[in-house]
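**Q** So you can see what is in the structure, the chains are spelled out below.
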Amino acid sequence: MKKKILLSLFLIILVTAIGTWYYIFIYSANHHRSAEDEKTIDITASQLVTEYQTNEAASNVKYLNKALKITGEVSEIKKDQEGKTTVTIKSNDAFANVFCTLISSGSSQPVVGSKISLKGFCTGFLSDVVIKDAIVVTE
Amino acid sequence: MKIFLASIFILLSISIFAQKTYSTKTGQISFDASATVDIKAVNNQVDSKFIDNTGQMIFSLLIKSFKFANGLMEDHFNENYMESTKFPKADFKGYITNIASVNFSKNGTYSVNAEGTLTIHGVAKKISTPGTITVSNGKVTIKTLFKIKLKDFITGSYIGSQIAEEAAITVNCEYQ
Chain B
205 MKKKILLSLF
215 LIILVTAIGT
225 WYYIFIYSAN
235 HHRSAEDEKT
245 IDITASQLVT
255 EYQTNEAASN
265 VKYLNKALKI
275 TGEVSEIKKD
285 QEGKTTVTIK
295 SNDAFANVFC
305 TLISSGSSQP
315 VVGSKISLKG
325 FCTGFLSDVV
335 IKDAIVVTE
Chain A
94 MKIFLASIFI
104 LLSISIFAQK
114 TYSTKTGQIS
124 FDASATVDIK
134 AVNNQVDSKF
144 IDNTGQMIFS
154 LLIKSFKFAN
164 GLMEDHFNEN
174 YMESTKFPKA
184 DFKGYITNIA
194 SVNFSKNGTY
204 SVNAEGTLTI
214 HGVAKKISTP
224 GTITVSNGKV
234 TIKTLFKIKL
244 KDFITGSYIG
254 SQIAEEAAIT
264 VNCEYQ
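Protein chains in written order, with this note's numbering: chain B, 205 to 343; chain A, 94 to 269.
Read the hints as simulated data drawn from the structure, not as lab findings.
Treat the hints loosely; a few may be bogus.
Stated by the list, open to error - Listed next, the in silico SDA-like pairs over lysine to any residue satisfying Cα-Cα at most 20 Å (straight line):
no.: 1; chain 1: A; residue 1: 160; chain 2: B; residue 2: 285
no.: 2; chain 1: B; residue 1: 282; chain 2: A; residue 2: 116
no.: 3; chain 1: A; residue 1: 133; chain 2: B; residue 2: 286
no.: 4; chain 1: A; residue 1: 160; chain 2: B; residue 2: 269
no.: 5; chain 1: A; residue 1: 160; chain 2: B; residue 2: 232
no.: 6; chain 1: A; residue 1: 113; chain 2: B; residue 2: 331
no.: 7; chain 1: B; residue 1: 282; chain 2: A; residue 2: 233
no.: 8; chain 1: A; residue 1: 244; chain 2: A; residue 2: 172
no.: 9; chain 1: A; residue 1: 240; chain 2: A; residue 2: 206
no.: 10; chain 1: A; residue 1: 236; chain 2: B; residue 2: 285
no.: 11; chain 1: B; residue 1: 294; chain 2: A; residue 2: 116
no.: 12; chain 1: A; residue 1: 236; chain 2: A; residue 2: 264
no.: 13; chain 1: A; residue 1: 244; chain 2: A; residue 2: 255
no.: 14; chain 1: B; residue 1: 288; chain 2: A; residue 2: 171
no.: 15; chain 1: A; residue 1: 179; chain 2: A; residue 2: 197
no.: 16; chain 1: A; residue 1: 232; chain 2: B; residue 2: 284
Said to hold, decoys possible - Chain A residues, not near chain B, derived (Cβ > 10 Å throughout):
no.: 17; residue: 112
no.: 18; residue: 134
no.: 19; residue: 250
no.: 20; residue: 253
This structure is a prediction, so every number in the text was calculated from the model and none was measured.
Cβ atoms here follow ideal geometry from the backbone N, Cα and C, with glycine treated the same way.
Start from the sequences, fold in the hints, and give me the full structure.
**A** Here's what the structure looks like:
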């Protein structure tokens, strides 16, 4: 009986150890965040750009590294140097927009001039507000 | 006659002062700081501009736009080393010192030298690096590879052991 208890105790410790090791070194290393699984902050492209232009530091606190769902009109579609699709969403200011790189060239390709909603992670503000790993939201 | 002379003068001044600004929002900058393990990341959202007759150039990028194959490494890079919430950007502002040697209307690869200030993690340092400008049917590509000493910009106990002392930075930007 004592042996059995010891054995099961040993097994439990072993499983926990392997689980912890797996989580820290394997799962975390291979797992990337997806905007699909996260609760998003919903905002229009114009609002986001205006906030960044007014106060970049405060906007970074609010939006940097957060999952956002951005809505607006597509003004440009291009490819980056790796062949990934980039989508520019118009704001009220012609010189500052929301620049998004899609995570993969999926089936629903956006069209210039159409209204769009994208989910992605905000990486900050250069001449545009920049979004990475974006996914087109189809409703 | 006066009008004729005036128009010649205007035409001449246009050809003298005509300058073109090349720009991209999808420039590529990657780095490699591998020592015992692979530490590599790519940023495909680099914003860059340069002016063809003065050689003035700027590259700006967001630290959080660097992508690693290893998600855990990406978190460590952002949180422990680059502190990308506090310092979200890095940039280089400078000049191509021998821009006159590049003929933008003739296809070819030209050797150039760039000098300027590199700012990473809030630390500004003067750098100078050789590189190339490739002109191909109006499309311009700037490439360079240079090394920086990590301890000049960031601190961290792993630098020099698991992380290399120097990071090799590769710039490959296609302009329109």
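**Q** Could you work out which earlier hints the structure fails to respect and list their numbers in ascending sequence?
**A** Violated: hints 14, 15.
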